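**Student:** In case you want the letters, here they are:
Number of protein chains: 2
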Amino acid sequence: MPPAVAEYLKSNQDRFLEELQALLRIPSVSADPAFQPAMQQAAAFVHQQFESMGMTSEIVATAGHPIVYAEWLKKPGAPTVLVYGHYDVQPPDPLDLWTTPAFEPTIRDGKLFARGATDDKGQFFTHLKGAEAWLKTVGELPVNVKFVIEGEEEVGGANLDKFLEERKSQLACDVAVISDTSQYAPGIPAITYGLRGIIACEVTLTGPKKDLHSGVFGGSVANPVNMLCRLVAQLHDDQGRVQIPGFYDDVLELTPAEREQFAALPFDEAAYRQELGVKELSGEAGFTTLERRWARPTCDVNGMFGGYTGVGPKTIVPSKATAKITCRLVPHQDPAKITKSLEQFLRTRGPAGVSLTFTDFHGCPAFVFDPNSPYLTAAKAAIREGFRAEPVLIREGGSIPVVSTLKQILGVDTLLLGWGLNTDNLHSPDEHFTIADFHRGIASGAALWSQIAKL
Amino acid sequence: MPPAVAEYLKSNQDRFLEELQALLRIPSVSADPAFQPAMQQAAAFVHQQFESMGMTSEIVATAGHPIVYAEWLKKPGAPTVLVYGHYDVQPPDPLDLWTTPAFEPTIRDGKLFARGATDDKGQFFTHLKGAEAWLKTVGELPVNVKFVIEGEEEVGGANLDKFLEERKSQLACDVAVISDTSQYAPGIPAITYGLRGIIACEVTLTGPKKDLHSGVFGGSVANPVNMLCRLVAQLHDDQGRVQIPGFYDDVLELTPAEREQFAALPFDEAAYRQELGVKELSGEAGFTTLERRWARPTCDVNGMFGGYTGVGPKTIVPSKATAKITCRLVPHQDPAKITKSLEQFLRTRGPAGVSLTFTDFHGCPAFVFDPNSPYLTAAKAAIREGFRAEPVLIREGGSIPVVSTLKQILGVDTLLLGWGLNTDNLHSPDEHFTIADFHRGIASGAALWSQIAKL
Numbered sequence: 103m104p105p106a107v108a109e110y111l112k113s114n115q116d117r118f119l120e121e122l123q124a125l126l127r128i129p130s131v132s133a134d135p136a137f138q139p140a141m142q143q144a145a146a147f148v149h150q151q152f153e154s155m156g157m158t159s160e161i162v163a164t165a166g167h168p169i170v171y172a173e174w175l176k177k178p179g180a181p182t183v184l185v186y187g188h189y190d191v192q193p194p195d196p197l198d199l200w201t202t203p204a205f206e207p208t209i210r211d212g213k214l215f216a217r218g219a220t221d222d223k224g225q226f227f228t229h230l231k232g233a234e235a236w237l238k239t240v241g242e243l244p245v246n247v248k249f250v251i252e253g254e255e256e257v258g259g260a261n262l263d264k265f266l267e268e269r270k271s272q273l274a275c276d277v278a279v280i281s282d283t284s285q286y287a288p289g290i291p292a293i294t295y296g297l298r299g300i301i302a303c304e305v306t307l308t309g310p311k312k313d314l315h316s317g318v319f320g321g322s323v324a325n326p327v328n329m330l331c332r333l334v335a336q337l338h339d340d341q342g343r344v345q346i347p348g349f350y351d352d353v354l355e356l357t358p359a360e361r362e363q364f365a366a367l368p369f370d371e372a373a374y375r376q377e378l379g380v381k382e383l384s385g386e387a388g389f390t391t392l393e394r395r396w397a398r399p400t401c402d403v404n405g406m407f408g409g410y411t412g413v414g415p416k417t418i419v420p421s422k423a424t425a426k427i428t429c430r431l432v433p434h435q436d437p438a439k440i441t442k443s444l445e446q447f448l449r450t451r452g453p454a455g456v457s458l459t460f461t462d463f464h465g466c467p468a469f470v471f472d473p474n475s476p477y478l479t480a481a482k483a484a485i486r487e488g489f490r491a492e493p494v495l496i497r498e499g500g501s502i503p504v505v506s507t508l509k510q511i512l513g514v515d516t517l518l519l520g521w522g523l524n525t526d527n528l529h530s531p532d533e534h535f536t537i538a539d540f541h542r543g544i545a546s547g548a549a550l551w552s553q554i555a556k557l
Numbered sequence: 103m104p105p106a107v108a109e110y111l112k113s114n115q116d117r118f119l120e121e122l123q124a125l126l127r128i129p130s131v132s133a134d135p136a137f138q139p140a141m142q143q144a145a146a147f148v149h150q151q152f153e154s155m156g157m158t159s160e161i162v163a164t165a166g167h168p169i170v171y172a173e174w175l176k177k178p179g180a181p182t183v184l185v186y187g188h189y190d191v192q193p194p195d196p197l198d199l200w201t202t203p204a205f206e207p208t209i210r211d212g213k214l215f216a217r218g219a220t221d222d223k224g225q226f227f228t229h230l231k232g233a234e235a236w237l238k239t240v241g242e243l244p245v246n247v248k249f250v251i252e253g254e255e256e257v258g259g260a261n262l263d264k265f266l267e268e269r270k271s272q273l274a275c276d277v278a279v280i281s282d283t284s285q286y287a288p289g290i291p292a293i294t295y296g297l298r299g300i301i302a303c304e305v306t307l308t309g310p311k312k313d314l315h316s317g318v319f320g321g322s323v324a325n326p327v328n329m330l331c332r333l334v335a336q337l338h339d340d341q342g343r344v345q346i347p348g349f350y351d352d353v354l355e356l357t358p359a360e361r362e363q364f365a366a367l368p369f370d371e372a373a374y375r376q377e378l379g380v381k382e383l384s385g386e387a388g389f390t391t392l393e394r395r396w397a398r399p400t401c402d403v404n405g406m407f408g409g410y411t412g413v414g415p416k417t418i419v420p421s422k423a424t425a426k427i428t429c430r431l432v433p434h435q436d437p438a439k440i441t442k443s444l445e446q447f448l449r450t451r452g453p454a455g456v457s458l459t460f461t462d463f464h465g466c467p468a469f470v471f472d473p474n475s476p477y478l479t480a481a482k483a484a485i486r487e488g489f490r491a492e493p494v495l496i497r498e499g500g501s502i503p504v505v506s507t508l509k510q511i512l513g514v515d516t517l518l519l520g521w522g523l524n525t526d527n528l529h530s531p532d533e534h535f536t537i538a539d540f541h542r543g544i545a546s547g548a549a550l551w552s553q554i555a556k557l
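Line order of the protein sequences matches chains Z and X.
Residue numbers for the first sequence follow our numbering, so the first one is 103 and each next one is one higher.
Residue numbers for the second sequence follow our numbering, so the first one is 103 and each next one is one higher.
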């Protein structure tokens, strides 16, 4: 990148951090209607950022949370890059496990702690600052740039898809860029060439129409919590293999080359166990830990509740029990097909005496990037500039539904450039982002424009 | 009973009901420390009742909630009756399922709705009013009477046992009376000759030290909710039989005569299903519904929670999962032995990768009354007077731990005289007590003193 851009990045570091903290103070939790006003506030903040750096920006109302769109298209003939990010965040609970409040950004040990610090406010913000540096020094960008920053990533809302469909021609681009993944390890930046997909649902069993005295009625009526446990228990066999019929039918098995490549990455299983706080790891038999996390499908209960959950005992037979379930998918499992199989599995085995309701939340297929794209070469070079380290090619176990959508609607592949770390507590209490990585990400983002322009 | 007593009962019905409502307004929830002040208030209210009818009364401080003791011992040579009751109530939640608030007593359709209306404030209160009627008219009781009204029945506190041990000689009596059970059906009052016992515990599985992103980490670590479901699912076989080793070893099987007697009772299974709101009943194979409820042991999850329980999806692998479990016991299962077997069962099958904590809340053995006692005859006669109906002899599925304690410490059998109904929603939202049964209970209580005096 030009020396003036690099100098600008260096001399504005403190302000960049302050602006990110201002964004993190806005509790933009998309899942909970109670936080609705904060969603508007966060969108307005991002919009203002684009306006003040001289980009054309607009807050696009949707049936749900608004989308912030911005563009700079003054380089005819140069490639067009679309940057995607999301300003919504996960719910902050359990609140009592945060060292400092989720929406009061706090710096400790060179890290910025707040809900959304890394997922995804802190990460998408780097590309805004990378663009700002060019516009405020060189006066222009070396490529054309479009930004789509949405507010429904954490709830899988359908409104982004509608926006992309409706603005398909306006959004035309050569490649997409998303920073919502992680480095492989501290000091080993990564480009993620594969992602897992997901399906999410909720199942509720209802037995008696109200909670019953377990002495007076117990023994004569099916207990929905016991019954739900019996259903959930059947989801896996003793080898950790998912028992939903057809679950593995369409799974793209790892090639021997991929298994070797994964095995060659530095991975300290003892340190990983310690990081998670478990004595032993566990999962599908026959696969390594990295394989299980990156390229094997799973089925997890994310939350379960039924009956009395307060202090002390309460002698009831509960009326209802609910489990929230997600399956992580791999190429080429079909989310709709798996959701249907799961529902069918639960209904077929649903015990007598209880009724079952099934809610399908959302789903997206898994993704694998073309390893021969020149954009990968440009991204590697940009990261070398920003991080002064060689990036590795990895997969990731999480889902970024928009990657599939961008491919499907705009026909583009997505560069997944991760500035965060797996240990940043994303979706957990004490989420944080290493401040040095925030600045390295901004530098890599600024370098990406010129590396892509060179292609 | 003397005509003056009967006349007093008739002319004071409204005041009796108003006084009960005042007691029900006090939210004396023993399980939750937040309600501590209400416990003191309820004890003071009951104490004041005894004082104003001319009995010697005392509020006895304990390590937990206070006990109200009262006595009238001016009939040397006559039998001594000890009445037990409890002024504490179950937690009122789920609050949103109450038609009117739990602690704002409301009359609808001849029923009084409030937490504690039937369990046990409304029921024990009848014996106070039965005694008051004698003292305010005849000026004395035909027998000696002692009252023990405690505040820890719903939490199985150990303080009552300590009190009974310490005051063993002061509390000496010939028979005990408790009204904390139900009529067999409306208009068919019952004396309950058997009760189930109980053990209660809580089991928590802890996996990763915090909630994890289910994409980044899912598949590599044991999910404590899934694992707890697997444990709970193993508690029963497909025939509804409990799988804890030795669970049925000490069970006193029903005699053919008892099975015939149960079968002869009017029982409308279709109406029972409708009352509970279930399409079919369910339970241990080989037994009728009444047998399952009254004389067969059970194992129920009363509440379970783990991970995210808010609105919408949250893609985590939870850190913890907890189940509250009770087993209803029958004669001669030993609570300590069953608790130990359950803990052992869970620990033996507890999966790798999670740690297990087990909390033993409380337990009590089951109870069967001697059917040849003359006190049963007296009680039947008193109920005929109060209800103008023939009582039946039944068992009950619930537990009244103090029945075993009274036998063990004071050496007396307990008359379980139920004025409530199984449909009174005890332990559930919209708990209530039929007002006519409240007054019939008072009359039966007043008649009981003279019937016992005649023996």
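What the hints contain is simulated information worked out from the structure, not anything from laboratory work.
Heads up, some of the hints might be wrong.
Put simply, identical chains are the same to the list, so a pair is met inside one copy or across any two.
Claimed, not checked - Here are the simulated DSBU-like cross-link-like pairs (lysine-lysine), alpha carbons at most 35 Å apart as the crow flies:
#	residue 1	residue 2
1	381	270
2	177	381
3	439	556
4	439	311
5	381	312
6	381	311
7	238	176
8	442	311
9	442	482
10	311	177
Just so it is clear, the structure is predicted and the values come from calculations on it, not from any experiment.
**Student:** Against this structure, judge whether each hint is valid.
**Tutor:** The hints, checked one at a time:
1. With identical chains, the CA atoms of residue 381 and residue 270 are never at most 35 Å apart, being 50 Å at best within one copy and 52 Å at best between copies.
2. When the C-alpha separation of residue 177 and residue 381 is checked against a cutoff of 35 Å, the pair qualifies neither within a copy, at 56 Å, nor between copies, at 69 Å.
3. In this homomeric assembly, residue 439 and residue 556 never come within 35 Å of each other (Cα to Cα): the closest approach is 43 Å inside a single copy and 77 Å across copies.
4. For the identical chains of this complex, residue 439 and residue 311 are neighbours both inside a copy (33 Å) and across copies (34 Å), given an alpha-carbon limit of 35 Å.
5. In this assembly of identical chains, the alpha carbons of residue 381 and residue 312 lie at most 35 Å apart only when taken from different copies (14 Å versus 40 Å within one copy).
6. In this homomeric assembly, residue 381 and residue 311 come within 35 Å of each other (Cα to Cα) only across copies, at 11 Å, whereas the closest approach inside a single copy is 42 Å.
7. Proximity of residue 238 to residue 176 under the C-alpha cut-off of 35 Å is restricted to the intra-copy arrangement: shortest distance 15 Å within a copy versus 100 Å between copies.
8. In this assembly of identical chains, residue 442 and residue 311 lie within 35 Å of each other by CA distance both inside one copy and across copies; the values are 28 Å within and 33 Å between.
9. Neither within a single protomer nor between protomers do residue 442 and residue 482 lie at most 35 Å apart by alpha-carbon distance, with minima of 40 Å and 60 Å respectively.
10. Taking the closest pair of Cα atoms, residue 311 and residue 177 never come within 35 Å of each other, the shortest separation being 66 Å inside a single copy and 51 Å across copies.
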